[in-house]
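Peer 1: Residue-level listing of the chains:
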Amino acid sequence: MANSTNDKEPIFSVKNLKNLTGPFNLNNPITIQVLGICSALAVTVQMKPAIVMALSVTIVTAFSNLIISFLRNTIPTSIRIIVQLVVVATLVIIVDQVLKAYVYDVSKKLSVFVGLIITNCIIMGRLEAFAMGNKPIPSFIDGIGNGIGYGIILVIIAFFRELLGSGKILGMSVIPPSFYEMGYRDNGMMILPPMALITIGVIIWVQRSRNKSLIEK
Amino acid sequence: MESFFDTLIKAIFIENMIFSFFLGMCSYLAVSKTVKTSMGLGIAVTFVLIITAPLNWALNTYLLKAGALSWVGDAYKDVDLSYLSFMIFIATIASMTQLVEMIVEKFAPALYNSLGIFLPLIAVNCAILGVSLFMQEREYSFTDLIAFALGSGIGWWLAIVTMAAIREKIRYSNVPKPLRGLGIAFILTGLMAIAFMSFMGIKI
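So the sequence lines, in the order shown, correspond to chains A and B. FYI, my numbering numbers position 106 of the first sequence as 106, with every residue one higher than the one before it. In my numbering, each residue's number is its place in the second sequence (first place is 1) plus 1000.
Under the rule of at most 30 Å between Cα atoms (straight-line distance), these lysine-lysine pairs were calculated in the DSBU-like manner:
#  : chain 1 : residue 1 : chain 2 : residue 2
1  : B       : 1010      : A       : 109
2  : B       : 1177      : A       : 18
3  : A       : 48        : A       : 109
4  : B       : 1203      : A       : 109
5  : B       : 1010      : A       : 108
6  : A       : 100       : A       : 48
7  : A       : 48        : A       : 18
8  : B       : 1169      : A       : 212
9  : A       : 212       : A       : 15
10 : A       : 168       : A       : 108
11 : B       : 1065      : A       : 109
12 : A       : 212       : B       : 1177
13 : A       : 108       : B       : 1065
14 : B       : 1203      : A       : 108
15 : A       : 100       : B       : 1065
16 : B       : 1033      : A       : 212
17 : B       : 1177      : B       : 1036
18 : B       : 1077      : A       : 100
19 : B       : 1077      : A       : 108
Derived from the structure by calculation, the hints contain no laboratory data.
Chain B on its own, in the form it takes in the complex (with noise of 0.2 Å):
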């Protein structure tokens, strides 16, 4: 249980997805312009990584990695098919958030609404594959995965909430005026990026 928080921690703050790895970036630019448009996209990502981190973890564990297939018999043990895994994984993506998106709207409307037009960007979601790609070159255990997973999504959420904050306020301010909009929203990340790095003292 230890390393489970371990992992949660370092994923939300010390190894944020976006701060560190800039992933999630073309939605997370385009989105961050309200704070709850992009509460709601924020809570989607996390809600599809929770899915999908997991089914590709199986599929990597069962179907994929090298030596994978021994449970079919032994004839099998030798073969690697590692090199299908970016298909594999971009199809789960894909057709779990279409999946997804039905289940919703289906037995929750109300979440379908607020969530609805967000659906369908998430399978384009760097971050979301990014995690299955840094699940696969980290080799986690499963529990560890699942902390991954929830720490990134939520770490996606935070920076997109606090930077929807910044730009609802930015609004009233007199920025130069070739730097308004995309270019002043750079430069905030990046400042928000340097203050997320005086979380990498945390020794865990």
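For reference, chain A alone in the conformation it holds in the complex (with noise of 0.2 Å):
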């Protein structure tokens, strides 16, 4: 994929534009490449972590992308794995001591979904598919992209379950009160763990319905 001759490359270049919203639909992390599935699914009850949780994996992706890509060269074969390692752990303890330093009640919920961002394996995907065989620029785009992606689903998720689990959107309370006066319920099953695979499960079957192409045989 590198070549030396497009060294000017701008950088809202068609190509990096692709890499960039790629992973939004059609090349999406967690329906299509089936990576970070991981850490996500538990952090989807409510949506105020699960955002928190999306702009973490993007950060942590994006620099990731970005350091292993100026190392690249540098770095033996045989030991990548543990450099990358390094690298990527090194970022989550930056971002978990700023979020337990500026939004401490979010951290304590994401437990230790933080540490495992580490062991995300959208990151580990992307550092070995993408940032091991590309220059610096396009590795950062393309780790914000999968980072996006990876949150659009994550909030999709939580935006059902928080409406139809608890009622609320963002903690606000979106459901009048007077249809709970006529008997409506929230349904408690939605903030149990089984609800977020099959919500994802329904997400992957409308996204296949509509693009005839990703569907397996």
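From these two lone chains plus the hints, build me the complex, please.
Peer 2: In structure tokens:
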């Protein structure tokens, strides 16, 4: 991919734009590449932790892609996993400390899942598949694109789980009290872990019905 | 000894790594296509967990925790290195998987041939790091930790093998086209998780 002829490629070239927007839909890290599900679903009970998590992952993916891409020619292949893990772990420690300092309650809710960003497959997957063979700026853009693609799915799941599970969006009640008087009940099932999996299954269903090319044999 | 079995049962069924924390989902979805390979990966994960969890426990207790360095001398008894734990834990896990791979290759070639390809994958399996981080958060004692690591490994193995068995059968069913593959795998995992929720009633 990386060839030396396009040294002066502008930041917003067509190729870079494709790297940025591809992961939003047709190359989405969660629904198409099947990466990063590990730490994703447990934080989607409410929207606020989901948004914080999405931001953290975007930052870590983008900067680890950038750093590894700068180092890609000096890292010996045999120890590259350990080098990548150290870079990612350093970034995650920074994110964790920032979260603890500024949004302590969300940081408590995310508990171990901030630490688990280290083993989030999106980051390792993008480092291996993209940053090791591409220039720093496209890698940085690719990281941001994949982080946002991940965030979109996270926020969609969290939106439905919070709305149907506790009748709120971002902590504010949106279902009018008269509905409850008429007998409407929040679906407690949506708060429990299994429904996150089924919601993502339905998202994949909708996405693949709209794009027939994605259907698996 | 009682708390050993309590923690073990709890880790296998009630707080199953996959069905209640979604840890290790990536390799779970990618590898659960045939029973044979998922059996291999399940055993490899349990194996690595039993080795890395006690190591990380020792590191946490004697190096990282607030006041853990008091054995060095009075001057160090206020040192709190817990912010370094992510890096230390992941370094232990990555180097241990590398080491285990080399040892298994040298002394048990047959086992290596069946597990070989999975061992490097395990370094980035969230379940392994997850166990170490939960260990730190919940402050387990040593015996409880062994039970928790063993239970998490067995629970993960159980989940991936049952999932592979279902996916082998579902190949012959008429699933709606857009749901085939990944979509139905997610919905199946969700249904299995609901089934596993019935264990929550067990009081330990």
